[in-house]
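Construct all of the structure, not just a fragment, from the sequences and the given hints.
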Amino acid sequence: MISLLIIALLHLFALLTWRNFQTGVILLTGLLPTYLLRFNIGLIPVTVLEVMILIVCVIWFLKEKNKDLEWRSVLQNNWLKAIILLLISATVAVIIAPDKLGALGIWKAYFVQPILIFLLLQNTLRVKDWRNVFKALASSSLAVSTFAIGQYLFNFGIPAPWDIERRVTSIFDYPNAVGLFLAPIVGMSLVLLFNAVRASRKFEFTKDNILWLLSIILGFSTIILAKTEAALVAIPTGLILTFLFSPASQKLKLQIFSASILAVTFLSFTVPAVREKLFLQDYSGQVRLSQWQETAELLKHSPALGVGLNSYPTALQAFHDATFYEIFQYPHNIILNIWVELGLLGLVSFFWLTSLSIKSILLSTETDDVAIATIKSTAFGALAIMCVHGLVDVPFFKNDLAVMTLIFLAALSLTKPEKLS
Numbered sequence: 001m002i003s004l005l006i007i008a009l010l011h012l013f014a015l016l017t018w019r020n021f022q023t024g025v026i027l028l029t030g031l032l033p034t035y036l037l038r039f040n041i042g043l044i045p046v047t048v049l050e051v052m053i054l055i056v057c058v059i060w061f062l063k064e065k066n067k068d069l070e071w072r073s074v075l076q077n078n079w080l081k082a083i084i085l086l087l088i089s090a091t092v093a094v095i096i097a098p099d100k101l102g103a104l105g106i107w108k109a110y111f112v113q114p115i116l117i118f119l120l121l122q123n124t125l126r127v128k129d130w131r132n133v134f135k136a137l138a139s140s141s142l143a144v145s146t147f148a149i150g151q152y153l154f155n156f157g158i159p160a161p162w163d164i165e166r167r168v169t170s171i172f173d174y175p176n177a178v179g180l181f182l183a184p185i186v187g188m189s190l191v192l193l194f195n196a197v198r199a200s201r202k203f204e205f206t207k208d209n210i211l212w213l214l215s216i217i218l219g220f221s222t223i224i225l226a227k228t229e230a231a232l233v234a235i236p237t238g239l240i241l242t243f244l245f246s247p248a249s250q251k252l253k254l255q256i257f258s259a260s261i262l263a264v265t266f267l268s269f270t271v272p273a274v275r276e277k278l279f280l281q282d283y284s285g286q287v288r289l290s291q292w293q294e295t296a297e298l299l300k301h302s303p304a305l306g307v308g309l310n311s312y313p314t315a316l317q318a319f320h321d322a323t324f325y326e327i328f329q330y331p332h333n334i335i336l337n338i339w340v341e342l343g344l345l346g347l348v349s350f351f352w353l354t355s356l357s358i359k360s361i362l363l364s365t366e367t368d369d370v371a372i373a374t375i376k377s378t379a380f381g382a383l384a385i386m387c388v389h390g391l392v393d394v395p396f397f398k399n400d401l402a403v404m405t406l407i408f409l410a411a412l413s414l415t416k417p418e419k420l421s
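Oh and the sequence shown: position 16 is 16 in UniProt numbering, straight run, nothing missing.
Since the hints were made in silico from the structure, they are not lab data. Note that beta-carbon positions come from the ideal geometry of N, C-alpha and C, so glycine has one too. Please note: incorrect hints may appear among the correct ones.
Stated by the list, open to error - Result set (BS3-like, lysine-lysine): computed pairs, CA atoms no more than 25 Å apart in a straight line:
#: 1; residue 1: Lys128; residue 2: Lys359
#: 2; residue 1: Lys65; residue 2: Lys81
#: 3; residue 1: Lys100; residue 2: Lys300
#: 4; residue 1: Lys108; residue 2: Lys63
#: 5; residue 1: Lys128; residue 2: Lys207
#: 6; residue 1: Lys81; residue 2: Lys300
#: 7; residue 1: Lys135; residue 2: Lys202
#: 8; residue 1: Lys128; residue 2: Lys63
#: 9; residue 1: Lys300; residue 2: Lys227
#: 10; residue 1: Lys207; residue 2: Lys135
#: 11; residue 1: Lys128; residue 2: Lys202
#: 12; residue 1: Lys100; residue 2: Lys65
#: 13; residue 1: Lys253; residue 2: Lys359
#: 14; residue 1: Lys108; residue 2: Lys81
#: 15; residue 1: Lys251; residue 2: Lys135
#: 16; residue 1: Lys253; residue 2: Lys202
Claimed, not checked - The following label-pair restraints were derived from C-beta to C-beta distances:
#: 17; residue 1: Ser302; residue 2: Pro159; range: 46 to 54 Å
#: 18; residue 1: Pro159; residue 2: Leu289; range: 22 to 30 Å
#: 19; residue 1: Ile44; residue 2: Arg198; range: 45 to 53 Å
#: 20; residue 1: Gly42; residue 2: Tyr283; range: 44 to 52 Å
#: 21; residue 1: Leu54; residue 2: Ser302; range: 29 to 37 Å
#: 22; residue 1: Ser200; residue 2: Ile41; range: 48 to 56 Å
#: 23; residue 1: Val348; residue 2: Phe279; range: 27 to 35 Å
Right, here's the structure in full:
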């Protein structure tokens with residue numbers, strides 16, 4: 001019965017997308033958590049998010065099939081080159097993986113589908129559409145946050161063992177997933193609200209500003225209730241990094257940077273809990289350090305290719321001396337995550353995309369187009385938060401986060417005032 005309802009809703013989504021393609025695409029970006037809804041088409045297990053991506057891409061192809069492709073512009077697109085390299089590294093990682101079926105599932109969900117979304121957004125959205133994409137993401141964060149706050153207030157639906165500490169999980173399976181999803185959206189909303197207030201020199205009670213403000217307040221509250229400290233550190237750190245790449249004066253940047261260093265130093269010396277977290281002296285920090293040391297030993301035996309997609313837990317067993325700690329699905333460090341899964345090719349694509357992102361935000365500060373500059377600073381802020389969070393967690397290898405990452409990269413790759421397909 002539930003499967004029939006889902007299929008009916010997907011038909012409605014397909015009809016909406018066919019009639020108004022931009023609306024369908026924007027709706028998709030606000031429904032990333034629908035990867036949690038799973039059903040079968042025949043014998044094939046799929047998620048609602050996967051089917052929605054397929055629907056959008058098929059309709060895009062049908063609408064664009066008679067248009068000539070500008071191969072020259074494609075070949076000159078460094079973003080596309082870096083993305084192709086990422087896909088090649090993921091394909092190689094499938095080939096070397098012992099569990100081919102599991103690796104193919106990861107390849108499809110974390111690389112092929114998000115890359116299709118990147119290409120689609122890069123080639124179809126106009127500048128004015130990006131604001132609606134950000135609204136869709138903020139709206140999804142409100143839904144996730146509201147459910148989580150309800151969990152905490154009425155003490156229901158928190159799975160074991162998180163129920164003991166009363167760490168909310170919202171619609172996800174574990175608390176860290178809440179922080180990983182909400183942190184970049186909170187950062188996104190902060191940048192958008194800051195730009196809006198700066199432009200009008202006051203807070204105006206517009207629908208957009210209220211949405212950004214609610215996303216910030218409820219998102220922060222939920223992250224606190226989920227007790228994901230890494231997200232709480234990542235948000236201000238990522239935004240400070242974004243500010244350092246802004247067109248603000250060098251003097252102001254130096255003042256902000258110096259104040260941040262002084263604040264961290266002061267808190268480290270005066271608050272033991274902060275010191276333990278920053279220097280990885282608490283239990284979770286010790287788990288991370290042990291895991292990274294074992295991962296380093298693993299990579300010594302396969303430095304070029306890594307171990308393949310979905311293969312890390314099995315490959316690490318031979319190097320797992322700290323048996324009192326469990327083996328996680330990933331090393332919980334953005335560099336090690338990519339290295340073990342995708343090898344050196346994956347790392348090259350990551351650093352290439354990082355350099356393109358930095359170049360994009362630096363160039364955007366020189367443009368007269370305020371709308372494009374705002375889009376890019378917003379996307380850069382969200383990605384910076386994801387990268388900082390990734391120092392101790394896994395900000396990409398998850399269905400919703402992989403698509404979210406490519407959405408923000410597509411925003412950073414925006415180059416024209418009006419990109420119409």
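Results of checking the hints against the structure:
For a cut-off of 25 Å, the pair hint linking Lys128 to Lys359 stands: about 23 Å separates their Cα positions. As the CA atoms of Lys65 and Lys81 are separated by approximately 22 Å, the hinted pair is consistent with the 25 Å bound. The hinted pair formed by Lys100 and Lys300 meets the criterion: a straight-line CA distance of about 23 Å does not exceed 25 Å. Restraint check for Lys108 and Lys63: the C-alpha separation of about 24 Å stays at or below 25 Å, so the hint holds.
Taking the CA atoms of Lys128 and Lys207, the gap is about 16 Å. The hint holds against a cut of 25 Å. About 29 Å separates the Cα atoms of Lys81 and Lys300, which puts this hinted pair outside 25 Å; it is violated. Distance hint between Lys135 and Lys202 is fulfilled; the C-alpha atoms sit about 21 Å from each other, no more than 25 Å. At roughly 21 Å between alpha-carbon atoms, Lys128 and Lys63 fall within 25 Å of each other, so this suggested pair holds.
For the hint pairing Lys300 with Lys227, the CA-to-CA distance comes to about 35 Å; that exceeds 25 Å, so the pair is violated. At most 25 Å may separate the alpha-carbon atoms for a hinted pair to count; Lys207 and Lys135 meet this at roughly 10 Å. Distance check on the hinted pair: Lys128 and Lys202 sit about 23 Å apart at the alpha-carbon level, within 25 Å; holds. Restraint check for Lys100 and Lys65: not satisfied, since their Cα atoms lie roughly 33 Å apart, outside the 25 Å limit.
For the suggested pair Lys253 and Lys359, the alpha carbons sit about 18 Å apart, so the restraint of at most 25 Å is met. For the suggested pair Lys108 and Lys81, the alpha carbons sit about 19 Å apart, so the restraint of at most 25 Å is met. With a C-alpha separation of about 34 Å, the suggested pair Lys251 and Lys135 falls outside the 25 Å cut-off, and the hint is violated. About 22 Å separates the Cα atoms of Lys253 and Lys202, which keeps this hinted pair within 25 Å; it holds.
Checked against the hint of 46 to 54 Å, the C-beta distance between Ser302 and Pro159 comes to roughly 35 Å, which is inconsistent with it. A C-beta distance of roughly 27 Å is found between Pro159 and Leu289, which places it inside the suggested range of 22 to 30 Å. Range check, Ile44 to Arg198: Cβ separation about 50 Å, and the 45 to 53 Å hint holds. A C-beta distance of roughly 45 Å is found between Gly42 and Tyr283, which places it inside the suggested range of 44 to 52 Å.
Here the CB-CB span from Leu54 to Ser302 is close to 34 Å, well matched to the stated 29 to 37 Å. For the pair Ser200 and Ile41, the beta carbons lie near 49 Å from each other, so the given range of 48 to 56 Å is met. In this structure the hint that Val348 and Phe279 lie 27 to 35 Å apart at CB holds, the actual value being about 31 Å.
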